[in-house]
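Novice: Sequence:
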Amino acid sequence: MKGGNDKNYVVSQENWSLHRKGYQDQQRHQEKVQDAITKNLPDLVSEENIIMSNGRDVIKIPIRSLDEYKIRYNYDKNKHVGQGDGDSELGDVVARDGSGDQKQGPGKGQGAGDQAGDDYYEAEVSIMELENMLFRELELPNLKQKEQDNIIVEDIEFNDIRKKGLMGNIDKKRTILSALKRNAMEGKPGIAPIHNDDLRFKTWNEIVKPESKAVVLAMMDTSGSMGKWEKYMARSFFFWMTRFLRTKYETVDIEFIAHHTEAKVVSEEDFFSKGESGGTICSSAYRKALELINLKYEPSRYNIYPFHFSDGDNLTSDNARCLKLVNELMEISSMFGYGEVNQYNCTPYTQSKTVDTIKFQRF
1 MKGGNDKNYV VSQENWSLHR KGYQDQQRHQ EKVQDAITKN LPDLVSEENI
51 IMSNGRDVIK IPIRSLDEYK IRYNYDKNKH VGQGDGDSEL GDVVARDGSG
101 DQKQGPGKGQ GAGDQAGDDY YEAEVSIMEL ENMLFRELEL PNLKQKEQDN
151 IIVEDIEFND IRKKGLMGNI DKKRTILSAL KRNAMEGKPG IAPIHNDDLR
201 FKTWNEIVKP ESKAVVLAMM DTSGSMGKWE KYMARSFFFW MTRFLRTKYE
251 TVDIEFIAHH TEAKVVSEED FFSKGESGGT ICSSAYRKAL ELINLKYEPS
301 RYNIYPFHFS DGDNLTSDNA RCLKLVNELM EISSMFGYGE VNQYNCTPYT
351 QSKTVDTIKF QRF
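Numbering (the UniProt record's numbering), first residue to last: 1 to 363.
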């Protein structure tokens, strides 16, 4: 076909969906990865190599490989007869493969199997991808706007298009569209030439928005009764809690408190790596939390979230003090969380029996 300027054009009518196969395969792979993460999420979040990592590593998850469509010879083919009464309809079963009655499936049953198994490969997934799935619909509960004191958050948002700007911010689609319109009005259909007046650039504005401040008080029992498994479970929770807070919020402080008979504020590294021994007085952690709040975190300016993990084995004479201090914390907290790691549920006097008497809705 020829245009007005005697240039030759070729109109292709082939199926262009065939040229998108690479993209489609990539999409299928991403769907398989997402499906594998979803199915293995409970196991992935408790992986020890993740909990003890720096949070920037990648993990490997098994994914069943996908075979390309192709014609293959059926080695288990049985003889079938093709005649019928003439009243068959679409979808009727003509025959069944009898090989399944004689052989076990791949990797199933007892003894050695005689069928090939599925091929699996390990796909690398970053912890950031895992976080996106885990934290997608989570947020801090009862978060309220507090008195403004250093809680203004500045952000950059590309929300405007202009004719002047940096070449690195050029909007190619709008530039081409502008050139097409101008050339069409001049009677010269096509993209070229592109003039300076056709250029369009993405520009940004600084967004200033207030954001509520919050502090999370992470308290963990490190006494001798907290075994390796108990400490690991507590650290697993606090690991994902810190990742969640730093991913979703810009103005959230985290204080780490470790306690046995005495409580002290420790660094994040010590909190997740060091263990101690001794007896258990849980009230020491609550007292230290109140001291921190009075010293650094005014309740009128901060949303306060204390979280405490213990095995529940507390000094009996300390339970009354615990109840009193927890009630004091609840009066100024947006939410109070208590987790008891009791693997065998065999401790006769647990801390949970004391905290069960608390009737606050935010507990």
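Read the hints as simulated data drawn from the structure, not as lab findings. Hints should not be assumed to be uniformly reliable.
As the list claims (entries may be wrong) - Pairwise CB distance ranges, derived in the manner of DEER restraints:
1) Gln-26 / Glu-269: 23 to 29 angstroms
2) Glu-291 / Met-241: 53 to 59 angstroms
3) Gln-26 / Gly-224: 27 to 33 angstroms
4) Ile-161 / Arg-246: 29 to 35 angstroms
5) Glu-89 / Phe-135: 48 to 54 angstroms
6) Phe-135 / Ile-170: 31 to 37 angstroms
7) Glu-291 / Tyr-23: 55 to 61 angstroms
8) Thr-316 / Val-265: 35 to 41 angstroms
9) Asn-294 / Lys-144: 55 to 61 angstroms
10) Arg-162 / Glu-31: 24 to 30 angstroms
11) Glu-291 / Asp-270: 31 to 37 angstroms
12) Asp-43 / Gly-190: 33 to 39 angstroms
13) Gly-224 / Thr-251: 33 to 39 angstroms
Stated by the list, open to error - Computed cross-link-like contacts, SDA-like style, restricted to lysine to any residue with a CA-CA straight-line distance of at most 25 angstroms:
14) Lys-163 / Asn-142
15) Lys-32 / Glu-131
16) Lys-296 / Trp-229
17) Lys-231 / Met-241
18) Lys-248 / Lys-188
19) Lys-296 / Lys-202
20) Lys-264 / Trp-229
21) Lys-296 / Thr-261
22) Lys-248 / Trp-229
23) Lys-296 / Val-266
24) Lys-202 / Ile-176
25) Lys-228 / Leu-41
26) Lys-274 / Pro-299
27) Lys-296 / Gly-279
28) Lys-228 / Lys-248
Think of the CB as a built atom: it goes at the ideal place given N, C-alpha and C, for glycine as much as any other residue.
Novice: What are the numbers of the hints that this structure violates, sorted from low to high?
Specialist: 1, 2, 3, 8, 9, 10, 11, 12, 14, 16, 18, 19, 22, 26, 27, 28
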